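Protein chains: 2
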Amino acid sequence: MKNYIKPDEWLILEEGFEPENNRVSESIFSIGNGKMGQRANFEEKYSGDSLQGSYIAGVYYPDKTRVGWWKNGYPEYFAKVPNATNWIGFNITINGIELDLATCKINHFSRELNMKEGYLKRKFEAVLPNNEIIQVQSTRFCSLAQDAIAAIEYKITPVSSTAAISVEAYLDGNIKNEDANYDELFWDEISQWAEGNKACVAVQTRKTLFDVATAMQFQAFVDDTQITAYPTPITLKKYAALKSDYSISKGQTLSLYKYVANLSSMDYDSDGIENMAISKAEKAAGIGFEALKKEQAAAWAAKWDESDITITGDVSAQQAIRFNIFQLNQTYSGNDARLNIGPKGFTGEKYGGSTYWDTEAYCLPFYQATASEEVARNLLIYRYNHLPKAIENAEKLGFKNGAALYPMVTMNGEECHNEWEITFEEIHRNGAIAYAIYDYVKYTGDKKYIADYGLEVLIGIARFWAQRITLSKDKQKFVMLGVTGPNEFENNVNNNWYTNKIACWCMAYCAQNCETQKLENFEEWQRISKAAEFDESELGTWKQIVANMYYPFDEKLNIFLQQDGFLDKEQVTVNNLLPSERPIVEHWSWDRILRSIFIKQADVLQGIYFFEDEFDLDSIKRHFDYYEPRTVHESSLSPCVHSILAAKIGDRKKAYEFYLRTARLDLDNYNNDTKDGLHITSMAGTWLTIVKGFAGMRVINDELTFTPFLPDEWKEFSFKVRFRNAVLKITVSKSETKIEQLSGDKVKVKIIENNGAKKGVVAH
Amino acid sequence: MKNYIKPDEWLILEEGFEPENNRVSESIFSIGNGKMGQRANFEEKYSGDSLQGSYIAGVYYPDKTRVGWWKNGYPEYFAKVPNATNWIGFNITINGIELDLATCKINHFSRELNMKEGYLKRKFEAVLPNNEIIQVQSTRFCSLAQDAIAAIEYKITPVSSTAAISVEAYLDGNIKNEDANYDELFWDEISQWAEGNKACVAVQTRKTLFDVATAMQFQAFVDDTQITAYPTPITLKKYAALKSDYSISKGQTLSLYKYVANLSSMDYDSDGIENMAISKAEKAAGIGFEALKKEQAAAWAAKWDESDITITGDVSAQQAIRFNIFQLNQTYSGNDARLNIGPKGFTGEKYGGSTYWDTEAYCLPFYQATASEEVARNLLIYRYNHLPKAIENAEKLGFKNGAALYPMVTMNGEECHNEWEITFEEIHRNGAIAYAIYDYVKYTGDKKYIADYGLEVLIGIARFWAQRITLSKDKQKFVMLGVTGPNEFENNVNNNWYTNKIACWCMAYCAQNCETQKLENFEEWQRISKAAEFDESELGTWKQIVANMYYPFDEKLNIFLQQDGFLDKEQVTVNNLLPSERPIVEHWSWDRILRSIFIKQADVLQGIYFFEDEFDLDSIKRHFDYYEPRTVHESSLSPCVHSILAAKIGDRKKAYEFYLRTARLDLDNYNNDTKDGLHITSMAGTWLTIVKGFAGMRVINDELTFTPFLPDEWKEFSFKVRFRNAVLKITVSKSETKIEQLSGDKVKVKIIENNGAKKGVVAH
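Going down the list, the sequences are from chains A and B.
Take the first sequence: its position 633, counted from the start at 1, is 633 in our numbering, and no numbers get skipped.
Take the second sequence: its position 602, counted from the start at 1, is 602 in our numbering, and no numbers get skipped.
Take these hints with a grain of salt, some might be off.
Any copy will do: because identical chains look the same in the list, a pair fits if it lies in one copy or spans two.
Unchecked claim - Below 25 angstroms or equal to it, Euclidean Cα-Cα: the simulated PhoX-like pairs (lysine-lysine) are:
no.: 1; residue 1: K176; residue 2: K350
no.: 2; residue 1: K123; residue 2: K400
no.: 3; residue 1: K675; residue 2: K71
no.: 4; residue 1: K473; residue 2: K621
no.: 5; residue 1: K621; residue 2: K176
no.: 6; residue 1: K720; residue 2: K64
no.: 7; residue 1: K556; residue 2: K477
no.: 8; residue 1: K448; residue 2: K243
no.: 9; residue 1: K396; residue 2: K448
no.: 10; residue 1: K45; residue 2: K675
no.: 11; residue 1: K389; residue 2: K237
Simulated from the structure, these hints should not be mistaken for laboratory data.
None of the values given here were measured: they were computed from a predicted structure.
Hey, can you work out the whole structure from these sequences and the hints?
Laid out in structure tokens, this is it:
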């Protein structure tokens, strides 16, 4: 764990350059705007260790599956987010010597992510191998206001003497993915062009044929004087550059600007996409860097106004929660139902940048509460649009009659993942997708969504469960064999309680919605049931299964068991593990992990978190006290659920402890893997720990309720939520919980004490 | 299933060339001598579909592991048997047109494997694209008598007119493995040389640095006249050839000979290995083709004298059993404890040609009964020599104190396989390796083997089980969690009965041997226990586990259950499957297979086969009647066990039915995969069905016993076995069972009726 980020309320700050942290910093200081994103790679050449990464939302390459032993049913490909054209690059020489921080002595290096205004700034003084000293300051951002646009300001000041500075401002499509399965190139050439102060590179993904055009307009100033002479245009395969030479006196500053437009055929017609990009870059240059930067600050101010959480009395916690919110907003803006929230967002290649159940299980509540209804709705529509593919996917595995199995990992609705114990067995994901519909309707009150979209998805999912569950003659109960629950440290188990539970919940919820629609909305129901070729007998089947499902339970402990045979395991707890054995996933062989009792992430507790209403506090406490000491939290998605439940049962110490594990996961590189990219989806978990954990926000009977507590370490915390058409501000301090309604129709809000007593109502 | 092999008692015969069967025939007509082997590829060029394959025993290449998702504990490489220098090749042109059966019209094609005398013969008439007609007859063999030597005779007779025939007799080391994980070349160049009528190519495996030198002496005759002019030598990288041109009149025959020596640094000093190979090839040429062929016939006659099984009244069955015995003897000769029996022998690349538990579970009894004691003993010593690697392997997975886990797949004792559910969990293999020691000692009476080698292996294995088994507080019994049994259609199950059973048997057998040695052989015991750092308390631990082990059992069915939860599965039988669904491994997704009841191969029944003495006939019948209808036999190792048990319980019809499934598995390409190579290890299963099944051979209290029956379809069958130092011939006919002792000290043999009554017959 590298703990080198300086605490600050609004800034992420690195001072001094340590090459061994470079990949980590490249991840942490990433910028994005929901449509594109860029790791914090250097603009100038860097021959040291680096993961170059520029990503365009929705564009993917179907990388041929790599597998040791093929299992029937595996997908042919894994959709990877291709590293796209490098648009940040400047090749710079000072008196003929290349500027490369790996070969310079570096002084006063700092990297600063300004979360308030949404830009990345970097400063350093470099002593080149020829002893020339220069000062550099670069600033860049991906515009939230104009999501095709990015801009860079790059300032060079010779310190020691007049310098001959040569600059090649380039766009380079000759890039690779480090995680390519067979070292293939993902991009083919379309065109490259450079002329005047403009250049453009257009490339196309192989097989999927997405076009991406990247254009730039270049400007140079010496102090305040713009250089009007055109640079020399250079074009090579998938490469376009503008090269110029300057003589800069000691103390003068050469300021370079790149106004960049990144357009993809997701949004623009392929014909003329290059011209469109060039024209957009030109327009951005017309606006100018400072004006664009102001526009950016305004756009971020609006985001913060909705989604900020303030924490008084703990700068480190304040920085952390803002960092998480910042990255979530950089990743997904919710205006396009074809996009989703990749586990690494735009900050790395790993996991293909595709969609996981994380979206529904962890991210949805954040976007639901901090943005317009459309944003959350688009996340649901994404899955609705993939329903035909989910039905195909289920058919491939032997299911019939419109049963839908949503993929474990996907980009376009097709399954990408290829581990049988995950791909074919971690089917609880289907449950989270149904649960998200329930959660969305409960939170937003948008009941029309059920008839418009939700019910078709619910029927497909309910059908899947009804076929996947079988009758055990031996038990005279319904069972579900061969699954992997959320705890991926168990594979291919029977009767995972969480999966059994959510499966039955899905069937019951679907049945209830079918009946409601039939009763209250008969015309719509006719349309839906016809489209789904619904048979009335299905309702009966679902109810019969729900009524006769088997759940592993231990009478003595009075708890649900994670799965069949769970008590046959050696009953040890995490405190028996040596520090040298942790994380066990790095130190133990896989079989040892599987047969041990240790739990990777909330499993039974995940179910209790979802279906909290069905459990009394004693029961929640019993389950928490049994499972938590056996949980190693080797998934970034684990601590948040534990924090929320700890808050629920009044264990404030544990609630705060788990908050700390999630909040600074990436800033402190807790799992030693931030170099691969940030844990975007688990960042939503951090938001959840504050809003659902510390503030105890719930919706009960169409009413927003809170059961707040203030961690001892804090003086106060405050956040806003949208609820229905109202915006509320909640402030929890030592003395009181204040709820202000800032806009919208008047809503009733309840504050409930932890013991269940209603403390009263505030609002307005 | 292609059913094109003509029935014959001693020949495998293909008439007419069907390119779509070519890979299958290349496997079936393979030749080998335990030291090298060669698929039945054509000598002349063939541009059609073919799997070129020449293999040298013991030589391997560590191919970098290919895996989708790495699990801790996976090996870095998979030892592959590299396709070695092509020594059979002739490039031939007739009047300037290349001879290539893919571009010719072919008449009177036949391929014939003479199993009696151990050679491959091929004849055809080819109409070339230039309408030239030629007749070709080729004969080749790998010498059993001189295991470095192979020889080819290749005769060409122009039929239509005088032909200008150009011949390039070559050795070519520019070969690849089709199954290379990353398309890498496995061989580096050492040298190539051609001069006079000799040539040599020496190559070295990358990383493992095995040298292989392949030399040839070439001869040509026109009718009976030897051509004395030297051909033109050609050398290219890893390639050496001799090229000559002949003018052959219509009706004259050009006879070409290649005398080949294949030497590897497994057996020869690398320095001078080329010269040694050249000199051996020269010596073989001096002996001449016919004389070498006679020597080969004599060597095979000796093999057949020991291991033949004759069947009267069923040519197809006779051909099949001989084919199996022939291939087993081609694969392993037992004079080198560094070698073992790859599942494909020398007939294909698949599965890396390494060692599996097949050797101990299926092959050992064949070699034990049909060859000198040393042959079986060498199979055991192979594992003894790998004990340190097995201990290392167990350590890698977290076991301690000298616990040994033998690898699932290996060449040099290190684990190669990389599927967690197999590599880490199919640990029952350890049991078969211990069982083989028991079986060997029981059969041969070589009790000294225990002290000399066996006990150290048994202690390592017993220690592994003692650590792998844990106490279930819930059950108050010992359990074994997270295993894959012999039935690979179940992964990561708890308490697989077979594994629990053989594990406890191992500990009990080891404890008993420790005590015997201590009592009867104290000095040796001191040496062994010191070497193994044996602690007396270990005996107590083993006994405690054995006494308190949990076995899944169903009271109502009165049978042991394959694993925990087995009765929760849908209770259907194989006859419920549609023909279009079979084999299920090709038609069902893996998860569906796993959660279904269908069994790939004998699992509980495998245990009953091993520990038959512990079960009465009723119990065997109950288990057979329950499990057999649920078994799909999608492993070639399944039917033989079922056949033997069916014979045991007197179900002669089923015993014969299962015999048929194993006997002609490759000849009839039953599993549609013979193209990849033959199922060598399962061929031993065929022998078992006759000797242990139909003849009911067992060793009971140091006595050989038989419980024979004659399948209705046969008139008589007969085979020989070595038992201790005697050779016996057993003939089973309708009227009687005749046992003749052919040599050795007089032994007592019992014939026991199926009802248990001793019929009492003594040999001689």
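Here is what the structure says about each hint:
In this assembly of identical chains, K176 and K350 lie within 25 angstroms of each other by CA distance solely inside one copy; the values are 13 angstroms within and 33 angstroms between copies. With identical chains, the CA atoms of K123 and K400 are never at most 25 angstroms apart, being 60 angstroms at best within one copy and 54 angstroms at best between copies. In this assembly of identical chains, K675 and K71 lie within 25 angstroms of each other by CA distance solely across copies; the values are 20 angstroms between and 32 angstroms within a copy. Proximity of K473 and K621 under a CA criterion of 25 angstroms is satisfied inter-copy only: 23 angstroms between copies versus 34 angstroms inside one chain copy.
With identical chains, the CA atoms of K621 and K176 are never at most 25 angstroms apart, being 50 angstroms at best within one copy and 62 angstroms at best between copies. When the C-alpha separation of K720 and K64 is checked against a cutoff of 25 angstroms, the pair qualifies neither within a copy, at 45 angstroms, nor between copies, at 54 angstroms. In this assembly of identical chains, K556 and K477 lie within 25 angstroms of each other by CA distance both inside one copy and across copies; the values are 21 angstroms within and 18 angstroms between. When the C-alpha separation of K448 and K243 is checked against a cutoff of 25 angstroms, the pair qualifies neither within a copy, at 58 angstroms, nor between copies, at 84 angstroms.
Proximity of K396 and K448 under a CA criterion of 25 angstroms is satisfied in neither setting, with 32 angstroms inside one chain copy and 57 angstroms between copies. In the homo-oligomer, the alpha carbons of K45 and K675 lie at most 25 angstroms apart inside one protomer (19 angstroms), although the nearest pairing across protomers, at 53 angstroms, exceeds that limit. In this assembly of identical chains, K389 and K237 lie within 25 angstroms of each other by CA distance neither inside one copy nor across copies; the values are 37 angstroms within and 52 angstroms between.
Taken one by one, the earlier hints fail for this structure at numbers 2, 5, 6, 8, 9, 11, listed in ascending order.
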